[in-house]
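2 protein chains.
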Amino acid sequence: MSLAYYYDLLSPPARTLHIILKMSGVQFEDCPVALLKGEHMTEDYKNNINRFQKVPCIIDGGFKLAESIAILRYLSAQGKIPEHLYSKNLVEQARIDECLEWQQTTLASTCALYFRAKWLEPTLSGGKTQPSPEKLETLKTRMETNLDLVEKLWLESSDFLCGNQMTVADIFAACVLEQTRIAEYDVRAQYPKIRAWLKRVREACNPYFDYAHQTVYKIGGSEPN
Amino acid sequence: MSLAYYYDLLSPPARTLHIILKMSGVQFEDCPVALLKGEHMTEDYKNNINRFQKVPCIIDGGFKLAESIAILRYLSAQGKIPEHLYSKNLVEQARIDECLEWQQTTLASTCALYFRAKWLEPTLSGGKTQPSPEKLETLKTRMETNLDLVEKLWLESSDFLCGNQMTVADIFAACVLEQTRIAEYDVRAQYPKIRAWLKRVREACNPYFDYAHQTVYKIGGSEPN
Numbered sequence: 001m002s003l004a005y006y007y008d009l010l011s012p013p014a015r016t017l018h019i020i021l022k023m024s025g026v027q028f029e030d031c032p033v034a035l036l037k038g039e040h041m042t043e044d045y046k047n048n049i050n051r052f053q054k055v056p057c058i059i060d061g062g063f064k065l066a067e068s069i070a071i072l073r074y075l076s077a078q079g080k081i082p083e084h085l086y087s088k089n090l091v092e093q094a095r096i097d098e099c100l101e102w103q104q105t106t107l108a109s110t111c112a113l114y115f116r117a118k119w120l121e122p123t124l125s126g127g128k129t130q131p132s133p134e135k136l137e138t139l140k141t142r143m144e145t146n147l148d149l150v151e152k153l154w155l156e157s158s159d160f161l162c163g164n165q166m167t168v169a170d171i172f173a174a175c176v177l178e179q180t181r182i183a184e185y186d187v188r189a190q191y192p193k194i195r196a197w198l199k200r201v202r203e204a205c206n207p208y209f210d211y212a213h214q215t216v217y218k219i220g221g222s223e224p225n
Numbered sequence: 001m002s003l004a005y006y007y008d009l010l011s012p013p014a015r016t017l018h019i020i021l022k023m024s025g026v027q028f029e030d031c032p033v034a035l036l037k038g039e040h041m042t043e044d045y046k047n048n049i050n051r052f053q054k055v056p057c058i059i060d061g062g063f064k065l066a067e068s069i070a071i072l073r074y075l076s077a078q079g080k081i082p083e084h085l086y087s088k089n090l091v092e093q094a095r096i097d098e099c100l101e102w103q104q105t106t107l108a109s110t111c112a113l114y115f116r117a118k119w120l121e122p123t124l125s126g127g128k129t130q131p132s133p134e135k136l137e138t139l140k141t142r143m144e145t146n147l148d149l150v151e152k153l154w155l156e157s158s159d160f161l162c163g164n165q166m167t168v169a170d171i172f173a174a175c176v177l178e179q180t181r182i183a184e185y186d187v188r189a190q191y192p193k194i195r196a197w198l199k200r201v202r203e204a205c206n207p208y209f210d211y212a213h214q215t216v217y218k219i220g221g222s223e224p225n
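Order-wise, the sequence lines are chains R and V.
Numbering of the first sequence is given in our numbering, commencing with residue 1 and proceeding in unit increments.
Numbering of the second sequence is given in our numbering, commencing with residue 1 and proceeding in unit increments.
Hints may be right or wrong, so weigh each one.
[What the hints assert, rightly or not] Part of the chain R face toward chain V, derived, beta carbon under 7 Å:
(1) Gly61
(2) Gly62
(3) Leu65
(4) Ile69
(5) Ser76
(6) Asp97
(7) Glu101
If you're looking for bench data, these hints aren't it; they were derived computationally from the structure.
Predicted, not measured: the structure shown is a model, and the values here were computed from it.
For each residue, glycine too, the CB sits at the ideal point set by N, CA and C.
Turn these sequences into a full structure, and let the hints steer you where they fit.
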C-alpha cells in the first residue's frame, strides 16, 4: 500500500517533511497542493484528503493523518526515519520533542504571524489589506524574542539545537526561519549564530533543502549566502 | 531517583499533566511555582530548573525536561502512562498526536491569546492595560473558529476527540477550554456538544480534574454545571 504526501513547498512544515522524506529515502506518491490557488479549500480535499483543509498531510494505505510532527512520529514508529535524525533513545528523543514543542508554541507561531501580516494577507488581498506599522512592529518584536532565544539559549554551546548532531528539530526550525525571507526579514543579518547554524543545516540537508526552498528563494529575491 | 514536577495550576498544560500524573499513579515530588508572584522569573529557576522559565517542567533524576507533550511522551516511553490514556498502538497514537498538535497550533494558542488580553494583562498591570473592544473581538473570533471545529469536526460523531474512549488529548483540550472561564467566556453556553463532552471528561478525571481546577473555578466565580 502506498504513501501519498500532500504538501505545498510554500508551507514551512510541508517543506520540512519533504526534506525529511527525501533524506530518509521514503518512497511516496507526490501530491502537491497549491495553497495560493485554494486547492485545499475544495469539498473534495475536505472530504477525501484532510478535513481540516491544511497541508502537510498523508494518506498511508487509506489512513489519513495530518499535522507535521504527528506524521514524523508515525513514520518514525514504522522505522522509516533514520535514528540520527530522530533518535529512539529515551532522553535524546525527549530533548528533540521538547525542542519541537517549544518551536511550535513560540518560534513557529510568531514567525507565522509576522509572515501573514507582512506578506500573505497583502498578497492574497491584492494589496488591499496592509498591516499598520504598529501591528507589524509588535509582531516583529514577538518574533525576535524567540529568535533571541534560539541565538542565546538553543545555540549557546552546540552546533545544532539539540546537541552537536543535526536532528529533525533543526530542519523544522530552519524551514520556519527561511520563511521570513519572503517577508523581507533577514534573520542572518542580526543573528550570527543562527546564520552559521542555518548554513550547517542547509549543507547537511542538501540537495533537498535547496529543492524545497526554490519558491522561497524565488519570492525572497535570492538564495541565502 | 525521584521525579520532581514543577507546575502552577493556573497554567492549562500544567493542570493537564497534574491530572494525568495523578490518574496514572505516578509518584512525584510536588513543586508548585507561583507564576503570578514571578517565582519562575528568578535566576535560580532559570539556572537550576528550566532555562525557558516556564511551567510545566520536570527534573527526573537530574534530567531536566520542559514542554507538556514532550514530558507526557517521555513518561509514556517509560511505561508510566496507562495505554488507555495514551495508546502505544501505531494508528491510535498517531491520531492522538495529530489532535495534540492541532490543539497546540490552533485551539490552545487562540484561547491563550484571548485569556491574556481579557484577563492576564489587565490583572498583571493592576487594570492599567486594557484591550480595545476591536482587539478583543478579533481574538474572540479566532478562538471561536477553533471552538467551532471542536464542536463540528472533532466531536462530530464520537464521545471524545479521538474516538469513544477518553485520551490525554481530551484532558489537554478540556484544561485549555476551562481557562476561558477566568476570562468570563462561557464555552458551555454556545456549544452543546462541547458542554456534554466537558462533563464526560470531568467525570472521567475526577477527583483530579476538580482538584486541578480549584483556582480556575474560584477566579471564574463558580464550578461548571
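We went through each hint and held it up to the structure:
1. Gly61: 10 Å, violated
2. Gly62: 11 Å, violated
3. Leu65: With Cβ-Cβ at 5 Å, under 7 Å, it holds.
4. Ile69: 5 Å, holds
5. Ser76: 10 Å, violated
6. Asp97: 4 Å, holds
7. Glu101: Because about 4 Å separates glutamate 101 of chain R from the closest Cβ in chain V, which is inside the 7 Å limit, the hint holds.
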